[in-house]
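As they're listed, the protein sequences go chains A and B.
Going by this note's numbering, the first sequence wraps up at 376, each residue one higher than the last.
Going by this note's numbering, the second sequence wraps up at 385, each residue one higher than the last.
It is worth saying that the hints were derived from the structure and are not from the lab.
Hints should not be assumed to be uniformly reliable.
[What the hints assert, rightly or not] Cross-link-like lysine to aspartate or glutamate pairs, in silico, EDC-like; alpha carbons within 20 Å at most:
no.: 1; chain 1: B; residue 1: K195; chain 2: B; residue 2: E59
no.: 2; chain 1: A; residue 1: K189; chain 2: B; residue 2: E14
no.: 3; chain 1: B; residue 1: K213; chain 2: A; residue 2: D347
[Claimed, not checked] If you want the footprint, here are the derived chain B segments under chain A, 3+ residues with CB under 8 Å:
no.: 4; segment: 26-39
no.: 5; segment: 141-150
no.: 6; segment: 363-372
This one's a predicted model, so the numbers in the text were calculated from it and none came from an experiment.
Cβ coordinates follow ideal geometry from the N, Cα and C atoms, glycine included.
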Amino acid sequence: MTSTENIAQGIILLGAILLIVTYLTWLERKFAARLQSRIGPYWVGRPHGWLQPIADALKLLIKEDITPSKSDRFLFNLAPVWVVVTSLLGFAFLPLTASWVLVNIDLGLLYFSAIGSLIVIGIFIAGWASNNKYALISALRAAAQVVAYEVPLLLSLLVPAVFAGSLDFQDIIRAQDGHWFILFPVVGQISFLTFLLAALAEGNRIPFDLSEAESELVAGFNVEYSGMKFAYFYLAEYVHLLAASLLVSILFLGGPLGPFFSGGVWVAIKTLLVFLGVLWIRWSFLRVRIDQLMMLNWKVLTPLTLVNLLLAGLWVSLNG
Amino acid sequence: MEERVIEREFGEFALNMGPQHPSTHGVFRLELHLRGETVVKVIPHIGYLHRGVEKLSETLDYDILPPVYERDDYLSPTANSLAFVLAVEKLAGIEVPKRASYLRVLVAELQRVTSHLVWLGTFGLDLGGALGGGSTLFLYCFREREKILDLLEALTGTRFHTNMNQIGGVRYDVYASFDGDLSQTIGYLKKRISEYKDMLENNPVFLKRTKGVGVVRPELAKEVGASGPVLRGSGVAYDIRKNKPYSDYTEFEFRIPVGRNGDAYDRYRVRLEEMFESLSIIHQVMEGLPEGPIHSRKPVKIALLLKPPKGEAYAAVESPRGELGVFIVSDGSSKPYRVKVRSPSFSNIALIPYILPGHLIADAVAILGSLDPVFGDVDR
Numbered sequence: 057m058t059s060t061e062n063i064a065q066g067i068i069l070l071g072a073i074l075l076i077v078t079y080l081t082w083l084e085r086k087f088a089a090r091l092q093s094r095i096g097p098y099w100v101g102r103p104h105g106w107l108q109p110i111a112d113a114l115k116l117l118i119k120e121d122i123t124p125s126k127s128d129r130f131l132f133n134l135a136p137v138w139v140v141v142t143s144l145l146g147f148a149f150l151p152l153t154a155s156w157v158l159v160n161i162d163l164g165l166l167y168f169s170a171i172g173s174l175i176v177i178g179i180f181i182a183g184w185a186s187n188n189k190y191a192l193i194s195a196l197r198a199a200a201q202v203v204a205y206e207v208p209l210l211l212s213l214l215v216p217a218v219f220a221g222s223l224d225f226q227d228i229i230r231a232q233d234g235h236w237f238i239l240f241p242v243v244g245q246i247s248f249l250t251f252l253l254a255a256l257a258e259g260n261r262i263p264f265d266l267s268e269a270e271s272e273l274v275a276g277f278n279v280e281y282s283g284m285k286f287a288y289f290y291l292a293e294y295v296h297l298l299a300a301s302l303l304v305s306i307l308f309l310g311g312p313l314g315p316f317f318s319g320g321v322w323v324a325i326k327t328l329l330v331f332l333g334v335l336w337i338r339w340s341f342l343r344v345r346i347d348q349l350m351m352l353n354w355k356v357l358t359p360l361t362l363v364n365l366l367l368a369g370l371w372v373s374l375n376g
Numbered sequence: 006m007e008e009r010v011i012e013r014e015f016g017e018f019a020l021n022m023g024p025q026h027p028s029t030h031g032v033f034r035l036e037l038h039l040r041g042e043t044v045v046k047v048i049p050h051i052g053y054l055h056r057g058v059e060k061l062s063e064t065l066d067y068d069i070l071p072p073v074y075e076r077d078d079y080l081s082p083t084a085n086s087l088a089f090v091l092a093v094e095k096l097a098g099i100e101v102p103k104r105a106s107y108l109r110v111l112v113a114e115l116q117r118v119t120s121h122l123v124w125l126g127t128f129g130l131d132l133g134g135a136l137g138g139g140s141t142l143f144l145y146c147f148r149e150r151e152k153i154l155d156l157l158e159a160l161t162g163t164r165f166h167t168n169m170n171q172i173g174g175v176r177y178d179v180y181a182s183f184d185g186d187l188s189q190t191i192g193y194l195k196k197r198i199s200e201y202k203d204m205l206e207n208n209p210v211f212l213k214r215t216k217g218v219g220v221v222r223p224e225l226a227k228e229v230g231a232s233g234p235v236l237r238g239s240g241v242a243y244d245i246r247k248n249k250p251y252s253d254y255t256e257f258e259f260r261i262p263v264g265r266n267g268d269a270y271d272r273y274r275v276r277l278e279e280m281f282e283s284l285s286i287i288h289q290v291m292e293g294l295p296e297g298p299i300h301s302r303k304p305v306k307i308a309l310l311l312k313p314p315k316g317e318a319y320a321a322v323e324s325p326r327g328e329l330g331v332f333i334v335s336d337g338s339s340k341p342y343r344v345k346v347r348s349p350s351f352s353n354i355a356l357i358p359y360i361l362p363g364h365l366i367a368d369a370v371a372i373l374g375s376l377d378p379v380f381g382d383v384d385r
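One chain only, chain A, in its complex shape (with noise of 0.2 Å):
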């Protein structure tokens, strides 16, 4: 493959994840609508408001660019970009089909964990330069939760890398062929749940969203960004979601892999499965404290998904 092929590649990748990530949006707000008895968008666009998702991105365009004066504007404006491109960046080693990846390097699984916990960074400046104090009660929020649901995350990661050999995603979809590693007995399902909850951890999402918090910290880390700046932390929470249903469709439910026959409308439909289940519990569930939050994790995930972990391990072992 060639370099001007890779680019033409990703800029295509990249157009379809913003686009995928818009409508996601419009999913978003008619699925909440269906489970609060309303109907969600409806005008713009016949049917179903299905222009929806380009009237909301236009409006944010066209709104003022707004910096608080007593900002510091520099890590102000580079906060939003930071969010974006960090979560934007981990789509390159995941595979969309069983073939088809951007960069395909033997260390994926790890590369993508690594990419994946960047986006705080980005989160705490926004809060940091955002000179507000809820936004910088919600940055450190957001640092002490994202470090500390990495741990989890990255033990519950590993069982599947474990099972498989191996951290490129290849080998984990070709080792998932004939049994997924959610049906492996007892291992399987705790790593696929405690991945989950880290995940949802990870992305600020209910119950965890606790950097977010808007009926205590008003909006938190983004509570001075308006219009386009505003519209990237939103973009970057969406795409993060998508990335780890992705994960989770490739990690625990065989990505491509699937009957009648293999290829990427399997990983479609796993990962939008996944992203409806997210969706479920966020518009269900209430808002956990913050040292309830911690409490779960160091006290609950962590021992957990260690065990876990050597519990595969042993399995491994045994049968290799």
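Given chain A, work out where chain B should sit, using these hints.
Chain B in isolation, oriented as in the chain A frame:
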């Protein structure tokens, strides 16, 4: 307003929560002194919604005042006007026909249910945020509330500020098919509210966020003059409807739900049980609605100027938030000489400086929500 730097101890972080904040339930400012995320000191600031209703009353005739009072506590309008008309009736010695009393109870209890539904929904928002599970609860509660508002609209022509209570009686009588509409609504509400009860009481996040949070000891509650579900949540069975009955409440059978620990969860339980009790009272009202006139004074288009004799009177009702009392001094003219409203929310939020310290910011929001303040009622 002059600018003032918040004085604080070294190492403390002063956070102004409000007057514009999503969970201060109106315009209310909490000056939070934080250490980390823990509240060490709190100074509440009120008065942002002061509309001078008491002073305004001195310039208006008695007969046109009940609608003004309905705007006081904007979640339970009839409780306000009921307290006012009861005080005036006591002052002027006006008898109220039985049917009117029953209809007053009917509307008051219907609005108690709407008020508690709004409270439950906004409590969900406090705990879960407007972009999550909390808003689902909020919208469900508002959907059920809408059923009652439809009923009130059919009964009085107004969805919310019903203008039902007049001095000497009520303005509207029930229509022919009201009984059927009402029992249908009651059945629907009972089913739905039980569903939410199951949903919340089996939800580990809800239990974790409310149990043991914002404990109000009964002595403290009495000391600051708290009343209503806040007082009853602490285990004190004090309800004006039972202890100092008005408007024929003695003729209905109902329980007073009380809590045990005085935490946010108990306050939630008390309000939830009260909704069922209110629905039962409404049912009893319709069962035993006596025949007769609904007004003891001659109903006229232009209000006859009511001139109560010199003197003073106090009447209190159990509003959804607690003891709502109106004290009137009359100088014998057609306008009150002085009116003082004893509002339950004002006394209830006096608990805040005592119970917030030691809790986290998230709990501060939950506790404030569990006290159910209405700032129209606090500031008047």
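Here is what the structure says about each hint:
Under the criterion of a C-alpha separation no larger than 20 Å, the hint pairing K195(B) with E59(B) is inconsistent with the structure, at around 38 Å. For the suggested pair K189(A) and E14(B), the alpha carbons sit about 17 Å apart, so the restraint of at most 20 Å is met. Restraint check for K213(B) and D347(A): satisfied, since their Cα atoms lie roughly 11 Å apart, inside the 20 Å limit. Under the rule that three or more residues need a Cβ within less than 8 Å of chain A, the assignment of the segment 26-39 of chain B holds, with 3 such residues.
Counting residues of the segment 141-150 of chain B whose beta-carbon sits less than 8 Å from any beta-carbon of chain A gives 4, enough to reach three: the coverage restraint holds. Counting residues of the segment 363-372 of chain B whose beta carbon lies closer than 8 Å to any beta carbon of chain A gives 6, which reaches the threshold of three, so the coverage claim holds.
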